[in-house]
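Numbered by our numbering, the letters in the sequence shown go through residues 1 to 315 in order.
The hints are simulated quantities; they were obtained by calculation from the structure and are not laboratory data.
Treat the numbers as computed from the prediction; the structure is a model and nothing was measured.
Do not rely on the hints blindly, as some may be mistaken.
As the list claims (entries may be wrong) - Cross-link-like lysine-lysine pairs, in silico, DSSO-like; alpha carbons within 27 Å at most:
1. Lys166 <-> Lys144
2. Lys170 <-> Lys144
3. Lys132 <-> Lys170
4. Lys234 <-> Lys137
5. Lys175 <-> Lys132
6. Lys129 <-> Lys175
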Amino acid sequence: APAATTGTTEQVSKLRPEGVPEDFPNKEILYIYGFGAGSVQEAYFRILADKIQKMEGWDHGFVYTFKEGASGRIGWTYLADAKPDGYTIGFTPSAMLISTVAEDVPYGIDKMSFIYNMMSDPGAIGVGKDSKYASLKDLVEDAKARPGEVSIGVTSTIGQEGLTVKLLEKASGAKFNMIAFDGEPEVLTGVVGKHLDAFCLNVTDTTPYIDDLKVLATGNTERSGFLPDVPTYKESGYDVMQVNMRGIGAPAGTPEPIRQYLENCFLAAAADPEVQAQVKDMQIPVDSMSGTDLLANFTTIRNGLQTLWDADPWQ
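Work out the full structure, taking the sequences as your base and the hints as a guide.
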C-alpha cells in the first residue's frame, strides 16, 4: 500500500475506492475502546490515527471514547449497535469471540464489519529454563502418562489461555492440572520458582522473564518474530491455534467502499517508515492485516471455540 505521506492526488485516489462520498469524512470518526486507557494497542492506534489525519482528504480525524466494563462487552455492544455509516469504529480483539460462543450477545462476526488488524500476540506455552521438558510434545506426553499431575498456570480457565489448554488436551488425550492466577507475573513467578511445571500465556507476557524461561511453542500459524527459533503448536504436532489478535471493526452494514477506504488508510499508515520506526522501539507485535484476512482468522478461531463448547461447555 502507498505510504500517502506526500498526499498527492494520485496516491489518495489509490487509497479511496469508487463509491466513497467525496467529502468523507466530513466530521470526526468515533473510536470506541471497551477497556481502560493506557494499553499498548491504544498507543498504536493513536500513532496510526495521527498518520491518517495527515493524509490528503482528511480534514477531520478520530475522537476516542472509553466504554469500559464487563470485560469489553459494553464497548462491543455499543459498537455493534452504532449507525453503520463509517463514522463509528472500535477495538475488536479475538478475545471477544469467546463470549459470542458461550453467551447470547448482541455483537460478533455477523454483527460487525472488520477493517484492519493492528497486532497479534501469539500464545506461548513454556517452562522454567532448567525444566526437564525440551519440547511441547515432552510436556504433553507427560501429562498424558500422568493425568492431572503436570501443573500448568493460566490467568483464566475460561479465557483464551484456559481454552487453549483444553483444546490441547482434546487434541492429545493429555490431562493437565490447570491452575488460574490473578495475573501473568504470578504465573511466571510460579514457574521460575518451580512451584508450577508450565505456563500458557502470550509471547509478550514472557519478555520480562525470558532469561529464566524456556518457551516450548507459540500459538500463531507462523513463528513469532520475537522467538524465531521456537516452533508453533502446529509444528509441534498439535493443530491448535492461540493468538490474541487486536483488530478494528465497524457495525455490520457499513458501506463496503467506506470500509475498504478505512482499511486502505490503516494499511498505508502502518507501512509508513516513520510509523514503523516509532513502533520498533515500543516492542509492539505489529501484524498488519486487511479486514478480510482478519475476518477469515476470526472465523477459524470462532469455529474452534464452538467445537470445544459443543463438546464441553465451560460455563
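Hints, verified against the model:
1. Lys166 <-> Lys144: 13 Å, holds
2. Lys170 <-> Lys144: Measuring from Cα to Cα gives roughly 11 Å; hence the hint holds.
3. Lys132 <-> Lys170: 24 Å, holds
4. Lys234 <-> Lys137: This hinted pair holds, its Cα atoms lying about 11 Å apart.
5. Lys175 <-> Lys132: 18 Å, holds
6. Lys129 <-> Lys175: Answer holds: Lys129 to Lys175 is near 23 Å, not above 27 Å.
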